[in-house]
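A.B. asks: The residues making up each chain are set out below.
2 protein chains.
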Amino acid sequence: MSATLHRLGGGPAPSLDPMMALVAHDMNLVNAVILDRMKSEIPLIPELAGHLIAGGGKRMRPMLTLASAKLLGYPGTRHHRLAAAVEFIHTATLLHDDVVDGSDLRRGRRTANIIWGNPASVLVGDFLFSKSFELMVESESLKALHILSNASAVIAEGEVNQLTAVRRLDLGEERYLDIIGAKTAALFAAACRIAAVVAERSEAEELALDAYGRNLGIAFQLVDDAIDYVSDAGTMGKDAGDDFREGKMTLPVILAYARGDESARAFWKAAITGHRNSDEDFAEAIRLVQASRSVDDTLARARHYGQRAIDALGGFAAGAAKDAMIEAVEFAVARAY
Amino acid sequence: MSATLHRLGGGPAPSLDPMMALVAHDMNLVNAVILDRMKSEIPLIPELAGHLIAGGGKRMRPMLTLASAKLLGYPGTRHHRLAAAVEFIHTATLLHDDVVDGSDLRRGRRTANIIWGNPASVLVGDFLFSKSFELMVESESLKALHILSNASAVIAEGEVNQLTAVRRLDLGEERYLDIIGAKTAALFAAACRIAAVVAERSEAEELALDAYGRNLGIAFQLVDDAIDYVSDAGTMGKDAGDDFREGKMTLPVILAYARGDESARAFWKAAITGHRNSDEDFAEAIRLVQASRSVDDTLARARHYGQRAIDALGGFAAGAAKDAMIEAVEFAVARAY
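First to last, the protein sequences are chains A and B. When we follow my numbering, the leftmost residue of the first sequence carries the number 57, and every step to the right adds one. When we follow my numbering, the leftmost residue of the second sequence carries the number 57, and every step to the right adds one.
These are calculated hints, taken from the structure and not from any lab test. Be aware that a few hints might be false.
Which copy is meant is left open, because identical chains are indistinguishable; a pair holds if it fits in one copy or across any two.
List of simulated lysine to any residue pairs, SDA-like, C-alpha gap at most 20 Å [said to hold, decoys possible]: (1) 199 with 134; (2) 325 with 231; (3) 199 with 259; (4) 95 with 202; (5) 378 with 70; (6) 95 with 107; (7) 95 with 210; (8) 114 with 231; (9) 95 with 220; (10) 325 with 99; (11) 95 with 221; (12) 114 with 88; (13) 199 with 258; (14) 95 with 234; (15) 378 with 69; (16) 95 with 160; (17) 114 with 343; (18) 378 with 83; (19) 114 with 325; (20) 95 with 231; (21) 199 with 302.
Whenever a hint applies, use it, and build me the whole structure from the sequences.
C.D. replies: Structure follows, in structure tokens:
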């Protein structure tokens, strides 16, 4: 057991590389499962799924399952199928999200719904979602099944919650946190927790990994939502301003609105209800979130959750796995700088 | 054991009433599970899901699980959650189907995608799908989980297969049967089979119930596809001609095209590729399927599968459950007359 204090923001240029190196061997095996289970006699399925799955994602979520297993010193392979299932759930969600949002760009590439249409994206999403459950069932761990099926339901509920929150200026920070806790952090939490389940470790270790994943997930989404108000499509692989144009109530907007004067509030009202969404309007939105320090404070909130993620690892033994998991948090919260 | 021969089409005016009466008590308990699991703090979820679930469906698939359990004399309640899961899978599929097809009418009512929009229908479908897995996991039968998760993947694959088959005049009867076997019959088969799993009966009984459900499902879909060329919205609760206007290659069209002369084939080419879809064109389509006896023969195919469904029950003891399950087949194939 190690109780070494790690303060977020210590080192220079944090990277995901240590975590990727830590799990490289396992990830090759997980990738083999992913490719095998995308197969179908219907050519559209591997074609469409492959576009997204091969499309430069970091495999963050299955990587967390694998890293958590390393942290626990678990020597087996029962978590490989579960890690693949986690990636399938995530991919299915992305496919449906892009349909729901009408997105045309993800990770710098055209989205599947633009290339193959909404119907194909909906149905291939369903296919991947079903396959994720097949993989889970094959793991033969009812407890892991319970955790992941519950996470899936929570994600879907969070997505609906977010949909009903669109263009609602009265959305507060609390409900925003509920939404990202469900749509993003639930899967991060489950991805980490299931490693403790297959390794048959204590409830306390399960909950510590759950807390690590959940807080990392919240930090991750907060940074993502901040990035929409600082970057452009070229650097981040998604269209900056997408959230703005869709009227999504993310924390930068929630804070900027709460802190704004009358004219700023009038602007946000018009913008979030869809009446001001030109490039000039987006430039004005960026000016307002910067002036109110709303992006800075969104990132400060992200660091808060990042620190909690790191502290959740306090009880685990020091070593390469723990270092990599800490640096992954550093990386997640440093992305916007 | 009873080997009494039952010939399809024997009695007058077959009805689902005996099956509904057989399972009425169990169905009340299943309905309670369904209503309980539709609950959410996000009001849109029960509202949208309830529109479809309360919308006059016959609950055919969970009814088959319950009737199969009765046939086996299973006294327990472990199948109730699984029956609710089956209905959730079906409802999720309907929600996504209506998005994919752009349908505006189902069971005589406006579809959810028309009332609440495509995004809400996609996401609430995902929610119900996730909830179905939660229910399955709670049943704690890995075997039932395996059967139902596999059925889900097969359904999704069948839906994608159907999507890629749209407007493809060269689709033959074999691939059409593949599609309906996957998108419709797989869930009928699984719904029946899981009763034998929870009742811990022999592999032979499992497979017999699977065969009953599968053949009934194929018959059911064949009749549905025939109805699109004989009925109108008022009587059937869906728009007659929907399949025609969407360019769906169903058996009536496949047969009419194969049997048609040059002018008929020219008509189908124009119609299926979307260049002739007026009411007059649909009237012409009906004339051509009637003249080629394509609807009659689609219904004859349905009777063939119906007879196979009935014969699959040959090994089970005579009684009210068996009689009700036989009459359900009679009812399914008699709907179009």
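A.B. asks: Run through the hints listed earlier and report the numbers of any the structure violates, in increasing order.
C.D. replies: 8, 10, 16, 17, 19, 21
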